[in-house]
Every structure is written in C-alpha cells, then in structure tokens.
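A.B. asks: With the sequences and hints as input, model every part of the structure.
So our numbering is basically just the index in the sequence shown, starting at one, shifted up by 61.
This list has only true hints and no planted wrong ones.
Label-pair distances were calculated between CB atoms; the ranges are:
#1 Gly274 - Val241: 19 to 29 Å
#2 Thr168 - Gly121: 22 to 32 Å
#3 Gly231 - Asp301: 50 to 60 Å
#4 Glu177 - Asn136: 30 to 40 Å
In case anyone wonders, no lab produced these hints; they're calculated from the structure. These numbers were taken from a predicted model, which means no experiment stands behind them. A virtual CB, placed ideally from N, CA and C, is assigned to each residue, including glycine.
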Amino acid sequence: GGAGGGAGGAGGGACTPNCTDKACGGDGCGGVCGTCEDGLRCIEGACSDAECPAGTIDCGGVCTEVLSDAANCGNCGNACPMVEGLIAECAEAQCYATCPATRGTATNIDLTTDVENCGSCGNACPSIGGEPPACNDGVCADPCQAQGLVGCGEACVDTQFDAFNCGGCGNVCPTAEGGVPVCEGGQCGDPCQGLAQCGNACIDTDRDDNNCGACGARCTDGQSCNGGICACPDGAVDLDADVENCGACGNACPEVAGGERACNAGRCVDACGGALNQCGDSCVNLSEDANNCGACGTRCGDFQARDLPVRSPLEETGGTVERLDCTDGTCLFATAREYRFPNSGGVIMSCSMQCAEAGMNVIAAPVPFDTCPPSEVPLGQAGVGCAVFRGVNDATARAYGADDPVLPREGFAGANRTLLTCLCEGTAPLLDAPSPGGTVPAPGNYQYEMSDREYLIIEITATGNEVYFEPSESGYVELYSANWVRLESVQELNFRPALIAPVNPGETYYILYKKFPEFGELVTFAIDF
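C.D. replies: Right, here's the structure in full:
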C-alpha cells in the first residue's frame, strides 16, 4: 500500500500517532501503520478485497479521502507543505498552514503578522495605552516605545518616576501613613519626605508628644514636645532636679521653714538635712523639740504624769513629778521622793517603781549593784536608785538578778531623811482594760477602775513562751490554764506583785489579780505575752 493518513505539522507536537485500531494505512502523523498484500486495499485501516468506498480513491493500495488528507490533498501524492510552528491541513482538497486553535476552520495563519498568533501559535499581542495590537516579523510591537515609555499591563508608564512601576513593571514603592510613595530615577525614595518614619506612619519628631526627637520617645508628666525636646509649659527643665518641676511639670517641692528645697531623681527629698528632720513644713531637731520629740508629732505636753501616792507605812514625807521636756529625743520627767525612817528602819522604793507609779519608764545607765548607796544612809545625804535598764520594768530587772525594790536599806535610830531622785521617760497613754473575764488583745499598759472587793480576771492567748504581768498596786496575782488549773501565783503586801511564768504559744490562759487593801481604786498594769 502507499502512504496514507494526514500529515501533521511541526506545530508543538499536536499530532498523536494512532495504530491501535488500524492494521494498515497512515497513522495520522505522516507514518504508516502497515501495508496490504497484493490484490488487497486498505479500507478504513483494514485490508480488504472490496472496492474503495465513495469519496475515496485508491492511492497506492490505500483508500484515501483526497479532499481532507494532507498527504494526498486533491490527488494521490500531493502532500501539503510543512511550515515551522504550524500544522499542515487539507480541507476541500486545499492545503492550509494553521494553528491548533484554528484547526478545521480552513484558515491560513501567518505567524509574522497575526496579532493573535505572533511568532507562535497562541501568542496574542496586547493592546497598550489605547493603541491597537500589532505584530511585525513575528514580534509584538510596543506602542509605548515610541513615546519613551514602557508598557505595563494596559498602560504606558515612565518607570523612572512611576511609584507603582518603579524601575520595572509591578515594582510598587512603599508608603506610610501621612506620606506618599516616591520613585526617582527608577529607585524608590523616602515616603515621608523629611519626616521620621515611626512604624507605618510619618511623624514630625519636632512636635509629636509621643515621638519627641526620636521614634518612641514619649513626653510625660505634663510635658509637650518643642523642637524635639520634651519641655514643660514654662520651658525646658530637668524633671530630675528642678524644685519647681520635680518629677512632673508644675510639681513644686514645698517650702520648708529652716530648710532648703531639693529635687533628686524626680522626687522631693528631705529639705532639712544634717541633724534636722522635716515635720510638716518645718525643719526641727527631734532630739530637743518638745513638740516633735523623737518623732514628728510627739508632743511632750501630751504626756501627763500621775501624782505620786504617799505611802504612810514608809513614812514618806513628800513626792513630786516635774516634766523636763525633750532630751535626746525622749520626753523626760524628774521625780523625787523624800523618806524619813522610823527607829525600826524602812525601805526606799526603786526608781523603776517610782517612775511606774507616775505612769512612766525609768531612765538610768546600768550601775553595778555593789556600788549602790551604803545600807546606812547619812542624814541629809541624797541617794540614787540602783539602775535598771532603760525602758524595762521591775520584773525584767529581776530576771537579770535584781530584787525590786532595789534599795531595801534599813535606816538607823534618829530623824534620818533621804531624798531619792529619778529620771523617767514618758510612755504612751494607758489603754482601758476589758471588764473582768474579757480578753486583752495585745501587750501594753492598761488601766482599770476596780470596785470594792473585786477580782480582775484577764483572758490572754499566748504569742510567746513567757507571760509577764505587773500591777501598780499591792496584792496577789495567779496564773491559770484554760481549764482553770492554777499554774503560778505571787503576792506582795506592801509592794506591787509581778508575775513571770512560762507559757505555750497559741494556748489560752487566765490571769487573776486581787489588790490590797480591798477597796475600789484605779489600778494600772503592764502585760506582755
């Protein structure tokens, strides 16, 4: 048999050989599936001894449709010419060079001028800047080039200055809030144009309170930005040191009488300095100021000493209390008692008891017990009490090995008188004790107006390992457990009793106090637990 089937062009591999269901004839791409024996013809891909069907002719043993076969177009052996990039096609016995998209339409394609297939099938030339598309020698013409521009999409643009096509199509220059994108010489420029770019915004750092002088530099404390510097309304100041604008605009350090205002690290500091302290709007010396003694507001005039009671069994002839105002930061009082001893002798009260009866604490430097006054005090000689430690009570002194009163000195026959002077420290006002059986909430100094023949019962919850109770009047004291088992007791007929006993923290205890003699009187007591 002869060559059969239509020949495909070189256009992009559009032809696919087909011999699957053919035994003979062309493969559709210029090749041959097979030939028939002599005397047989290839009809529709199969060898047969029949005549060629209508519309076909015998071309070398192959029944061929010469009206559409590109290898035998119009006549046997008349092959349609092959054009590079196109498909050779036969239609109505006429040869065509076409593209896959126009196959079967009897259309000739000229790749050198066709704007839909310029240079290759499917390469359509664009319409740019309103100009029609054009194909010259297989190349799409650029209508923008004549204008010195570049075609980007459907527009002719100047890529030297177009911020959306800067240096090339699609290269968009960045922008920021308050700014515009900038393209100069094909290079993107500063969108803020002289302003500072802080994040995604263009900022005037000369005036912006949140970005003053630099991004993120925020003016605070009443300041505003002026020329890139945070300043108060009255001008640039140092908030760390300016006494009129200390830490914030308008925050003036207060005037202090006797002192000099100062601002340090944005805080108004002590204007007094040295040995003085600021109390309110004045500088004072806490060591000697009677209205600010030891601490601001501590007024020595608020401390009122009680009258010293006269103890006839000791033949006490007098007792006084005098305030000495503020000394070394302490409100001080002087007390004095004069004693006359009967022929049978007598006892002089210690300074600690004398101060306590006046509602004060004793002040004295520790003195060794062997340097106390002699047992026989000469007539008219002033004696001084053996010292206990500053601010402690008689029971505490006893814990250090001293008996209270610390001057149990017998006089001798005759009219011997001794003056005992002491220095006392003012104490905080006395607290009202609870009614009998009530709970004392905290250690301190208390007072209670006892009725005739009354027992004072106090409930405590121990916070330490020891309980201390010392009343101002003679009598006896007992310590009981929570279930009323007596644990300790002490009594003094002539002097105030003092109880010191071990306890367990967190447990409840009761203290029972009975005074002598048994008639109503205001009593005070110190308690610590």
